[in-house]
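Participant: Start from the sequences and build out the full structure, keeping to the hints where you can.
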Amino acid sequence: MSITPFAALESRVNNAVFARLSNALVSIDGGQAVGGIFDDAYALATVGAMGMATSGPNVLVAAAVVPANPHGLPVQINSAAYVIVGSEPDGVGSTRLVLERSTEAAAP
Amino acid sequence: MTTAFVSIQAAIVAALAQAPALAGGRVFANRVRAVAQQYDAYLVVRTDQAAATETVLGFNDWQTVYAIEAYARASTAGADPVAVVDALLADVWARVNALQPVNLGVMQIDTRPGIDWQVDDGETPVACAVLRIVCTHRTPCNSLEPTP
Numbered sequence: 082m083s084i085t086p087f088a089a090l091e092s093r094v095n096n097a098v099f100a101r102l103s104n105a106l107v108s109i110d111g112g113q114a115v116g117g118i119f120d121d122a123y124a125l126a127t128v129g130a131m132g133m134a135t136s137g138p139n140v141l142v143a144a145a146v147v148p149a150n151p152h153g154l155p156v157q158i159n160s161a162a163y164v165i166v167g168s169e170p171d172g173v174g175s176t177r178l179v180l181e182r183s184t185e186a187a188a189p
Numbered sequence: 648m649t650t651a652f653v654s655i656q657a658a659i660v661a662a663l664a665q666a667p668a669l670a671g672g673r674v675f676a677n678r679v680r681a682v683a684q685q686y687d688a689y690l691v692v693r694t695d696q697a698a699a700t701e702t703v704l705g706f707n708d709w710q711t712v713y714a715i716e717a718y719a720r721a722s723t724a725g726a727d728p729v730a731v732v733d734a735l736l737a738d739v740w741a742r743v744n745a746l747q748p749v750n751l752g753v754m755q756i757d758t759r760p761g762i763d764w765q766v767d768d769g770e771t772p773v774a775c776a777v778l779r780i781v782c783t784h785r786t787p788c789n790s791l792e793p794t795p
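If you're matching them up, the sequences are chains A and B in order. Taking our numbering, the leading residue of the first sequence gets 82, the next gets one more, and so forth. Taking our numbering, the leading residue of the second sequence gets 648, the next gets one more, and so forth.
Calculated directly from the structure, the hints in this document are not laboratory data. From a predicted model like this one, the values you see are computed outputs, not experimental measurements. Glycine included, each C-beta is placed from N, C-alpha and C at the ideal position. Just to be clear, a hint being listed does not mean it is correct.
Covered by chain B, according to a simulated footprint, are these stretches of chain A (three or more residues, beta-carbon under 8 Å) [as the list claims (entries may be wrong)]:
1) 106-117
2) 125-132
3) 160-167
Rough simulated footprint, nothing fancy, chain A against chain B, three-plus residues with beta-carbon under 8 Å [stated by the list, open to error]:
4) 722-731
5) 758-768
A few chain A positions that, by computed beta-carbon distances, are all more than 10 Å from chain B [what the hints assert, rightly or not]:
6) P86
7) A89
8) L90
9) S92
10) A97
11) V98
12) A100
13) R101
14) L102
15) N150
16) G174
17) T176
Facilitator: As structure tokens, this is what we get:
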């Protein structure tokens, strides 16, 4: 039995997901903007007895658009500037990029 | 009635918030909820523990430990979180060492030799440094009110 049909189906699903569910334009290291699913929900950093309010910006993009060594690369998402601090491929065609906010001005 | 433990803590908070106020004046006692994300630094003073060390002529001598938590966040990605809290920690240490026992209503103030650092990630790196001071003070045996 060939696995190719499943790979093709996987690719179609991923393409459909990013085509239909993207909520942000993502440009990695000045590259062409692609669709991604951006999330920046509230998070409580676990420091001290009380913690510190923050958020956990991350974006899901197609694995194919992520460079081989993405850590430290700048990312522009909807005109806001971030830096990639983590890269988490899901093994089935998508990669979650963990981000930190950058003070560097985002390109217009 | 306010116990000596609370009144000393209030005096420590006031000393840290005294002009020029540390952490922009965001100094809290026993705060239980994180401060809003828009603030980059703040201090929390907690009563850690108290132990009566001696009873003399109807008075208890106490050693009460107060923890001072210094919280700070980096302004941008990639910052060293320990460096982020470093200036605030240094300021707190200097302010604590300048405290006069009489202003807190205690007999002696000692800084406990030990600081804990904790770091975490988020939109930008965050850190908390915790130092502790030990206040030696006295209350009547039949009360927890401060001795005048």
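Participant: Now, for every hint given, state plainly whether the structure supports it.
Facilitator: Verification of the supplied hints:
Figure legend: the segment 106-117 of chain A, annotated as covered by chain B; annotation inconsistent (0 residues with Cβ-Cβ distances under 8 Å, at least 3 required). Chain B is given as covering the segment 125-132 of chain A, and this holds because 8 residues of the stretch bring a CB closer than 8 Å to a CB of that chain, at least three being needed. For a cut-off of 8 Å, the count of residues in the segment 160-167 of chain A with a CB near a CB of chain B stands at 3, and the three-residue condition holds. Taking a C-beta to C-beta cut-off of 8 Å, the segment 722-731 of chain B contributes 4 residues in contact with chain A, enough for the three needed, and the coverage statement holds.
Counting residues of the segment 758-768 of chain B whose C-beta sits closer than 8 Å to any C-beta of chain A gives 4, which meets the bar of three, so the coverage hint holds. Look at A/P86: its CB is around 40 Å from the nearest CB on chain B, clear of 10 Å, so calling it non-interface holds up. Interface exclusion of A/A89 from chain B stands, the closest Cβ pair being 37 Å apart, more than 10 Å. Interface exclusion of A/L90 from chain B stands, the closest Cβ pair being 36 Å apart, more than 10 Å.
Look at A/S92: its CB is around 32 Å from the nearest CB on chain B, clear of 10 Å, so calling it non-interface holds up. Here A/A97 stays apart from chain B, with its beta-carbon at least about 30 Å from theirs, past the 10 Å limit. Look at A/V98: its CB is around 25 Å from the nearest CB on chain B, clear of 10 Å, so calling it non-interface holds up. Distance to chain B confirms A/A100 as a non-interface residue, since its nearest Cβ pair spans about 28 Å, more than 10 Å.
Every CB of chain B is more than 10 Å from the CB of A/R101 (nearest about 27 Å), matching its label as outside the interface. For A/L102, the condition that its CB be more than 10 Å from all CB atoms of chain B holds, with the nearest at approximately 23 Å. Taking the minimum C-beta to C-beta distance to chain B, about 16 Å, the non-interface status of A/N150 holds against the 10 Å cut. The Cβ of A/G174 sits about 26 Å from the closest Cβ of chain B, beyond the 10 Å cut-off, so the non-interface label holds.
With a cut of 10 Å on Cβ distances, A/T176 stays outside the contact zone with chain B, its closest approach being about 18 Å.
Figure legend: structure checked against the earlier numbered hints; the only hint not met is number 1.
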